[in-house]
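J.: These are the residues of each chain, in order.
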Amino acid sequence: MSNMIIGRYVPGNSIIHRLDPRAKLILSVSFIILIFLANNWLGYLILGLFTLLAVASTKISLAIYLKGLKPVLWLIVFTIVLQLFFSPSGHVYWAFGPFTVTNTGIINAVYVFLRFLFIILMSTVLTLTTQPLALADALEYLMKPLLKIKFPVYELSLMLAIALRFVPTLMDETVKVMNAQRARGVDFANGSIVKRSKAIVPILIPLFVGAIQRAIDLGDAMEARGYQGGENRTKFRVLAWQRRDSLAVLVFMCVLVILVGTRFLM
Amino acid sequence: MAIEFKNVSYVYQPGTPFANNALTDLNFKIQPNSYTALIGHTGSGKSTILQLLDGLIKPTTGQIIFDDHVVDNKTSQKILAKVRQHVGIVFQFPESQLFEQTVLKDVMFGPLNFGKNPQEAQELAQKALRLVNLPEEHWQKSPFDLSGGQMRRVAIAGVLAIEPQVLILDEPTAGLDPVGRKEMMAMFAELHATKNLTIILVTHQMEDAAEYADDVLVMANGQLVKHATPMEVFADITWLQAQQLDVPHTVLFKNKLSAQGFDLSANIINVEQLALALQRSLKKGGNHE
Chain V
1 MSNMIIGRYV PGNSIIHRLD PRAKLILSVS FIILIFLANN WLGYLILGLF
51 TLLAVASTKI SLAIYLKGLK PVLWLIVFTI VLQLFFSPSG HVYWAFGPFT
101 VTNTGIINAV YVFLRFLFII LMSTVLTLTT QPLALADALE YLMKPLLKIK
151 FPVYELSLML AIALRFVPTL MDETVKVMNA QRARGVDFAN GSIVKRSKAI
201 VPILIPLFVG AIQRAIDLGD AMEARGYQGG ENRTKFRVLA WQRRDSLAVL
251 VFMCVLVILV GTRFLM
Chain W
1001 MAIEFKNVSY VYQPGTPFAN NALTDLNFKI QPNSYTALIG HTGSGKSTIL
1051 QLLDGLIKPT TGQIIFDDHV VDNKTSQKIL AKVRQHVGIV FQFPESQLFE
1101 QTVLKDVMFG PLNFGKNPQE AQELAQKALR LVNLPEEHWQ KSPFDLSGGQ
1151 MRRVAIAGVL AIEPQVLILD EPTAGLDPVG RKEMMAMFAE LHATKNLTII
1201 LVTHQMEDAA EYADDVLVMA NGQLVKHATP MEVFADITWL QAQQLDVPHT
1251 VLFKNKLSAQ GFDLSANIIN VEQLALALQR SLKKGGNHE
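Protein chains in written order, with the numbering used here: chain V, 1 to 266; chain W, 1001 to 1289.
Calculated from the structure, these hints are not laboratory results.
Every residue, glycine too, gets a C-beta built ideally from N, C-alpha and C.
Be aware that a few hints might be false.
[To be verified] Mimicking DSBU-like on lysine-lysine, the simulated pairs with C-alpha atoms at most 35 Å apart in a straight line are: (1) W:K1058 x V:K176; (2) V:K176 x V:K150; (3) W:K1195 x W:K1105; (4) W:K1058 x V:K59.
[What the hints assert, rightly or not] Sample of chain W residues facing chain V (criterion: CB under 8 Å; computed from the structure): (5) R1084; (6) F1091; (7) Q1165; (8) L1191; (9) A1193.
Input sequences plus hints: build the corresponding full structure.
T.: Structure (structure tokens):
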């Protein structure tokens, strides 16, 4: 469980840590769109530099980022292989049955790899430097316009906040139950797939029982205090847009303009 | 079975920003058939010791010597599984490990995992359920239909069914009412006496440690700060308070009586000793009043 890096907050005090979560959320999502603006090596170079700049300014060691890449490694490899062997057009270097390696195929494979890399690194920057609850707050704020169409924004963000809040609790609970069942002789690491999937039942049932019980208790506690989201409720964590947030948006805009520029230049 | 810790240290998530020294250079030995109390306040490293004792984690450095197995950082899972077969652990709130459709099936889970056939497993389960005094009428019920105290008994039976030589108890009476508490502790004392079980008890109830243990390990900040008899540990009120540990009620009560002029010996930590000393003191006529 300890190698789950995506979605894990690393405390710190870097400029990126201090950015408003709304700014970080908007910019990270926009970045994914931005990536598709690049269509030549210069564009990717600029994107790469921008990503590296963001990564470096979090002051979190690169090793943690690399660890975060591990879980998606196979997805990346799979996509690269698809691009590499199944590109229909371009100058053919090598062919065997349905497999062809062409110059456009190689270039596309490299681009796809870079896109993956940048997106994952950028989202890791977001999750490593932002507390999940801050993200939930940002999301609530950004969804506020939806209130006009009677969308249950407060309820949804409360659900999200509660879900995020209980991720570590459930993780602890899982470790506890796993330990208890291992002590009773369950072997999670060895044996056939059938045997190993069977070993999941003694973990899942206690986890569900515990989670449902906890949900009932939490619901009771909230009801007893007359909780109601929305109207006139003040916030414990108040979001404040600072000059550095505007600055971050400005930097992002510059990259955007330069990227559009490279499309004409090349 | 004897268990010996030799220069054992444990670090959580080494090499990451979350690295955390949980245990530092532990050395102690748990004698066969002993009843050891492990005390210390939250975060002192008790839970980590428990997991090491049951082979659930491996020491970062140092060795743990079980009778015929040595566990260090490189020990294989196979050896650890063998260790687990001889060491049973009852975790805090063990009822959260129940999952089977019936009580009996749940208790059979351990023996089946350790390679017993269904027939043997059922016999072991029935034996264990009798040991924890769970009436036979409940054996075919779903464990989730039982009361909290009964669920705990089922969970404990599930551990006893693997016939461990060492039984580790992590605050086994937490959340029970006073009667349930007393019954539970008496049950463990009987198992210790009749089954030659080595017991390791983690507790915040100093009275329990003073009453039942014959050896006490005191932990603070991942280090062993005292390894002595209950008498030595609990008679020293100033030291206990310096460690932010509770003083057993019996010791406090004895001191109050002494202050009132009762002639009581210094070596009193549990109820029985106190009662006998009081009786003696009263017979002598005492010099109170």
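J.: Please go over all the hints and tell whether each is borne out by the structure.
T.: Comparing the hints with the structure gives:
no.	hint	verdict
1	W:K1058 x V:K176	16 Å, holds
2	V:K176 x V:K150	42 Å, violated
3	W:K1195 x W:K1105	24 Å, holds
4	W:K1058 x V:K59	32 Å, holds
5	R1084	6 Å, holds
6	F1091	5 Å, holds
7	Q1165	14 Å, violated
8	L1191	17 Å, violated
9	A1193	24 Å, violated
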